[in-house]
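Colleague: Each chain, letter by letter, is given below.
Number of protein chains: 6
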Amino acid sequence: MADEAVRAVYDDIMATREVDWVNNFWKVLAHDPALLKRTWEALKQVMAPGALDPLVKEMIYIAVSATNGCEYCTYSHTASARKLGMSEAQMMELLAVVGMANQTNRLANALRPPVDVQFEPRP
Amino acid sequence: MADEAVRAVYDDIMATREVDWVNNFWKVLAHDPALLKRTWEALKQVMAPGALDPLVKEMIYIAVSATNGCEYCTYSHTASARKLGMSEAQMMELLAVVGMANQTNRLANALRPPVDVQFEPRP
Amino acid sequence: MADEAVRAVYDDIMATREVDWVNNFWKVLAHDPALLKRTWEALKQVMAPGALDPLVKEMIYIAVSATNGCEYCTYSHTASARKLGMSEAQMMELLAVVGMANQTNRLANALRPPVDVQFEPRP
Amino acid sequence: MADEAVRAVYDDIMATREVDWVNNFWKVLAHDPALLKRTWEALKQVMAPGALDPLVKEMIYIAVSATNGCEYCTYSHTASARKLGMSEAQMMELLAVVGMANQTNRLANALRPPVDVQFEPRP
Amino acid sequence: MADEAVRAVYDDIMATREVDWVNNFWKVLAHDPALLKRTWEALKQVMAPGALDPLVKEMIYIAVSATNGCEYCTYSHTASARKLGMSEAQMMELLAVVGMANQTNRLANALRPPVDVQFEPRP
Amino acid sequence: MADEAVRAVYDDIMATREVDWVNNFWKVLAHDPALLKRTWEALKQVMAPGALDPLVKEMIYIAVSATNGCEYCTYSHTASARKLGMSEAQMMELLAVVGMANQTNRLANALRPPVDVQFEPRP
Chain S
14 MADEAVRAVY DDIMATREVD WVNNFWKVLA HDPALLKRTW EALKQVMAPG
64 ALDPLVKEMI YIAVSATNGC EYCTYSHTAS ARKLGMSEAQ MMELLAVVGM
114 ANQTNRLANA LRPPVDVQFE PRP
Chain P
14 MADEAVRAVY DDIMATREVD WVNNFWKVLA HDPALLKRTW EALKQVMAPG
64 ALDPLVKEMI YIAVSATNGC EYCTYSHTAS ARKLGMSEAQ MMELLAVVGM
114 ANQTNRLANA LRPPVDVQFE PRP
Chain U
14 MADEAVRAVY DDIMATREVD WVNNFWKVLA HDPALLKRTW EALKQVMAPG
64 ALDPLVKEMI YIAVSATNGC EYCTYSHTAS ARKLGMSEAQ MMELLAVVGM
114 ANQTNRLANA LRPPVDVQFE PRP
Chain X
14 MADEAVRAVY DDIMATREVD WVNNFWKVLA HDPALLKRTW EALKQVMAPG
64 ALDPLVKEMI YIAVSATNGC EYCTYSHTAS ARKLGMSEAQ MMELLAVVGM
114 ANQTNRLANA LRPPVDVQFE PRP
Chain B
14 MADEAVRAVY DDIMATREVD WVNNFWKVLA HDPALLKRTW EALKQVMAPG
64 ALDPLVKEMI YIAVSATNGC EYCTYSHTAS ARKLGMSEAQ MMELLAVVGM
114 ANQTNRLANA LRPPVDVQFE PRP
Chain Z
14 MADEAVRAVY DDIMATREVD WVNNFWKVLA HDPALLKRTW EALKQVMAPG
64 ALDPLVKEMI YIAVSATNGC EYCTYSHTAS ARKLGMSEAQ MMELLAVVGM
114 ANQTNRLANA LRPPVDVQFE PRP
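Protein chains in written order, with the numbering used here: chain S, 14 to 136; chain P, 14 to 136; chain U, 14 to 136; chain X, 14 to 136; chain B, 14 to 136; chain Z, 14 to 136.
Careful, some of the hints might be misleading.
[Unchecked claim] With a cut-off of at most 27 Å between alpha-carbon atoms, the simulated DSSO-like pairs for lysine-lysine come out as follows:
#1 P/Lys57 / Z/Lys96
#2 U/Lys57 / B/Lys96
#3 S/Lys40 / S/Lys96
#4 P/Lys50 / Z/Lys57
#5 X/Lys96 / X/Lys57
#6 P/Lys96 / X/Lys40
#7 P/Lys57 / P/Lys96
#8 X/Lys57 / X/Lys40
#9 S/Lys50 / S/Lys96
#10 X/Lys96 / S/Lys50
#11 U/Lys57 / U/Lys96
#12 S/Lys50 / S/Lys40
#13 Z/Lys57 / Z/Lys40
#14 Z/Lys50 / P/Lys50
#15 S/Lys57 / S/Lys96
#16 P/Lys50 / P/Lys96
#17 P/Lys96 / P/Lys40
#18 U/Lys50 / B/Lys57
#19 B/Lys50 / U/Lys50
#20 B/Lys57 / U/Lys40
#21 Z/Lys96 / Z/Lys57
#22 U/Lys40 / U/Lys96
#23 B/Lys96 / P/Lys40
#24 P/Lys40 / P/Lys57
#25 B/Lys40 / X/Lys96
#26 X/Lys57 / S/Lys50
#27 U/Lys57 / B/Lys57
#28 B/Lys96 / B/Lys57
#29 S/Lys96 / Z/Lys40
#30 X/Lys57 / S/Lys57
#31 S/Lys40 / U/Lys40
#32 X/Lys40 / X/Lys96
[Said to hold, decoys possible] Restraint-style ranges between C-beta atoms, simulated for each label pair:
#33 Z/Asp24 / P/Asp25: 25 to 35 Å
#34 B/Asp25 / X/Ala15: 28 to 38 Å
#35 Z/Lys96 / S/Glu101: 26 to 36 Å
#36 P/Met27 / Z/Pro127: 30 to 40 Å
#37 B/Arg30 / Z/Glu133: 17 to 27 Å
[To be verified] With the Cβ distance kept under 7 Å, some of the chain B side facing chain X (calculated, not the full set):
#38 Glu17
#39 His44
#40 Leu48
The hints are simulated quantities; they were obtained by calculation from the structure and are not laboratory data.
Source: prediction; values computed, not measured.
Ideal Cβ positions, reconstructed from N, Cα and C, are used throughout, including at glycine.
Chain S with its partners taken away, still in its complex shape (with noise of 0.2 Å):
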């Protein structure tokens, strides 16, 4: 039965991608089909379209990969984005942003700066 469930969550992934294999990160989280199951419904329900461009959201999923040295997401990811069509170029800028992103947290980290009222959250 757990096979079935297995099998139900994989034919999803090809139908949705619109490809013909699984790839090795859903592999792994087979092991607990309700897991598998869990979190390819709420990752396919987080990418799809919606408020934001698709890639955009591929291009968000790289910085915080990058961000947290993740190897398999940013490999899978960037080649998903790659497959949305980010050209070499925005690859390039949405690393500059990464990269200036992790200097200034520090910076501020440790510098401690009051917070502005202008950017004060919701009111």
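On the provided structure of chain S, position chains P, U, X, B and Z as indicated by the hints.
Modeller: This is chains P, U, X, B and Z only, laid out in the frame that chain S set:
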């Protein structure tokens, strides 16, 4: 002389952003005028119009800052993104991607699936 | 003399763990016998039976290592946890919690809800 | 309609946890009812009784949150763990493991010992 | 008896540092006298005069704390470093290195250049 | 033209470092000549002689890279530090501080001691 160098950067920040104030991040950097100047000039280049939309860049900045837990940076770049037109729906969708990426990054870090040959980087 | 200090730690590692080999982590620390000894003795105390079950402690170790993306640590503590009886189902459920925590950590970092008074720490 | 969806999640949170209030984390997520619903339902499944003890899961949540430096998450999950019976001694022992893991993670990251064949993952 | 153990550590902290007060970090650790004692004794050894200058060690501590976003640690070790003579110029130059390292770490994490043979670790 | 810009940076890297080769990090950045140039020039300024000793700066770089788990950066800056004369004893002592800081950072993140007034930042 340091004062003049600082003043010149402050003026450029206000002129570039079309605002009449300088936020606290730059004021704490002003303890080292060379660091202030270098950081501002790099940021100005990185965030200038290029291969990516300016709002996309601010959203990438938020993604990194939320991942790193930098309070000041999250507040300041959320404010910048809203000023560039980020809607509530876009903000929440951005965070959905950031949350999902942080989740799958750790699943991949723990289970270490081999990188699929299809994802191999630049040929 | 350094050799003797290293040898004494190696012997204690093997005796404590009831194994006849020393893993590579300790061998790289042996370049500094004082660091080797201090780290091993702290680890031995921290991981000894106490208020928490030994397997629970290994699972906490995995949670931190996956979050930090430490490859060596994830491998070695997953092996230790399996030796203490961690089942496949427990491993996957552990990772489900780790993934979820990393997701909600970033949602909280970005949206910065005020800490509810009910959660206020030690009175 | 969004209001109804939010209300339904709030009701489920209060019913599941047997409390009469909703903490601020869910209120900030309510800006995106789909994200709120997806996150709550995933959390409910992940934290439900399973192969691991509920208190063990809360302790794993604390371990990740302390590692990531998420203030809100540390407070809220420490409160949950205490409610489930975590003693002061267990809390401190948990943190001793978290501290030790963060220490050895960095020693391993810097010295990069090769992964011992004995630790090789799933056959 | 726990009280006596705690008192002995407090006395050693004050004697070692030649101050007449104990900072809050040690007070929260005192909930677990063994953790308090172990952490203090390890810290005392690690920060004692050795192959590196004491001020260099405090600056390394700040570098790690800023990278991890630990507010308490950044404040306390910045205070310690200033007491050891860290000038404003040294502080700002330290942060310039920390910022730069965090930037290039992420560029390397995303682009994954192969490690040059010239950089191969210990022969 | 991009080729010329890249060549000029490569020449400056080799001249500044007095070596006859360029390491892979710069080659992956060369996909974006402006990013390559900006990153190199910032790095050259940041790592130039100043208020801190050049070897101290390389050790700070290692501390950040080990904390972030950046494999390439750890290898390359360890090599640079050894070239500047870092002894084995200094390397191990550096890592002892890095490990200790990562440990206490998490204890502070979990227990959240209030910042002592004596540590209050710049007046």
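Colleague: If a hint holds in the structure, say so; if it does not, say that too.
Modeller: Against the structure, the hints come out as follows:
With a C-alpha separation of about 35 Å, the suggested pairing of P/Lys57 with Z/Lys96 is violated against the 27 Å cut-off. Using a Cα cut-off of 27 Å, the hinted pair U/Lys57 and B/Lys96 is violated, with the two alpha carbons roughly 35 Å apart. Straight-line distance between C-alpha atoms of S/Lys40 and S/Lys96 comes to about 22 Å, which keeps the hinted pair within the 27 Å bound. Pair hint P/Lys50 plus Z/Lys57 holds up; C-alpha atoms about 15 Å apart against a cutoff of 27 Å.
The suggested pairing of X/Lys96 with X/Lys57 holds, with an alpha-carbon distance near 17 Å, which does not exceed 27 Å. At most 27 Å may separate the alpha-carbon atoms for a hinted pair to count; P/Lys96 and X/Lys40 meet this at roughly 24 Å. For the suggested pair P/Lys57 and P/Lys96, the alpha carbons sit about 17 Å apart, so the restraint of at most 27 Å is met. Restraint check for X/Lys57 and X/Lys40: the C-alpha separation of about 17 Å stays at or below 27 Å, so the hint holds.
Distance check on the hinted pair: S/Lys50 and S/Lys96 sit about 24 Å apart at the alpha-carbon level, within 27 Å; holds. Straight-line distance between C-alpha atoms of X/Lys96 and S/Lys50 comes to about 31 Å, which puts the hinted pair past the 27 Å bound. Proximity of U/Lys57 to U/Lys96 is assessed by CA-CA distance (about 17 Å); at most 27 Å being required, the pair is judged to hold. Under the criterion of a C-alpha separation no larger than 27 Å, the hint pairing S/Lys50 with S/Lys40 is consistent with the structure, at around 12 Å.
For the hint pairing Z/Lys57 with Z/Lys40, the CA-to-CA distance comes to about 17 Å; that is within 27 Å, so the pair holds. Between Z/Lys50 and P/Lys50, the direct Cα distance comes to roughly 16 Å. Compliance with the 27 Å bound is thereby established for this hinted pair. For the suggested pair S/Lys57 and S/Lys96, the alpha carbons sit about 17 Å apart, so the restraint of at most 27 Å is met. For the hint pairing P/Lys50 with P/Lys96, the CA-to-CA distance comes to about 24 Å; that is within 27 Å, so the pair holds.
About 22 Å separates the Cα atoms of P/Lys96 and P/Lys40, which keeps this hinted pair within 27 Å; it holds. For the suggested pair U/Lys50 and B/Lys57, the alpha carbons sit about 15 Å apart, so the restraint of at most 27 Å is met. Restraint check for B/Lys50 and U/Lys50: the C-alpha separation of about 16 Å stays at or below 27 Å, so the hint holds. Pair hint B/Lys57 plus U/Lys40 holds up; C-alpha atoms about 24 Å apart against a cutoff of 27 Å.
Taking the CA atoms of Z/Lys96 and Z/Lys57, the gap is near 17 Å; set against the 27 Å cutoff, the hint holds. Our distance criterion of 27 Å between C-alpha atoms is met by U/Lys40 and U/Lys96, whose separation comes to about 22 Å. This hinted pair checks out: B/Lys96 and P/Lys40 have alpha carbons roughly 24 Å apart, not beyond 27 Å. Of the pairs offered as hints, the one joining P/Lys40 and P/Lys57 holds, with about 17 Å between alpha carbons and a cut-off of 27 Å not exceeded.
At most 27 Å may separate the alpha-carbon atoms for a hinted pair to count; B/Lys40 and X/Lys96 meet this at roughly 24 Å. Distance hint between X/Lys57 and S/Lys50 is fulfilled; the C-alpha atoms sit about 15 Å from each other, no more than 27 Å. Taking the CA atoms of U/Lys57 and B/Lys57, the gap is about 19 Å. The hint holds against a cut of 27 Å. At roughly 17 Å between alpha-carbon atoms, B/Lys96 and B/Lys57 fall within 27 Å of each other, so this suggested pair holds.
Note on S/Lys96 and Z/Lys40: the hinted pairing holds, with a Cα-Cα distance of about 24 Å set against a maximum of 27 Å. For a cut-off of 27 Å, the pair hint linking X/Lys57 to S/Lys57 stands: about 20 Å separates their Cα positions. Between S/Lys40 and U/Lys40, the direct Cα distance comes to roughly 34 Å. Violation of the 27 Å bound is thereby established for this hinted pair. About 22 Å separates the Cα atoms of X/Lys40 and X/Lys96, which keeps this hinted pair within 27 Å; it holds.
With their beta carbons about 30 Å apart, Z/Asp24 and P/Asp25 fall inside the hinted range of 25 to 35 Å. For B/Asp25 paired with X/Ala15, a C-beta distance near 59 Å fails the hint of 28 to 38 Å. Evaluation of the 26 to 36 Å hint for Z/Lys96 and S/Glu101 yields a pass: the beta carbon distance comes to about 33 Å. A hinted range of 30 to 40 Å holds for the C-beta pair P/Met27 and Z/Pro127, which are about 37 Å apart.
With their beta carbons about 18 Å apart, B/Arg30 and Z/Glu133 fall inside the hinted range of 17 to 27 Å. The interface hint given for B/Glu17 is broken, as the beta carbon of that residue sits about 18 Å from the closest beta carbon of chain X, more than 7 Å. Given the 7 Å rule on beta carbons, the hint for B/His44 holds: about 5 Å separates it from the nearest Cβ of chain X. Proximity of B/Leu48 to chain X holds as hinted, the smallest CB-CB distance being about 5 Å (cut-off 7 Å).
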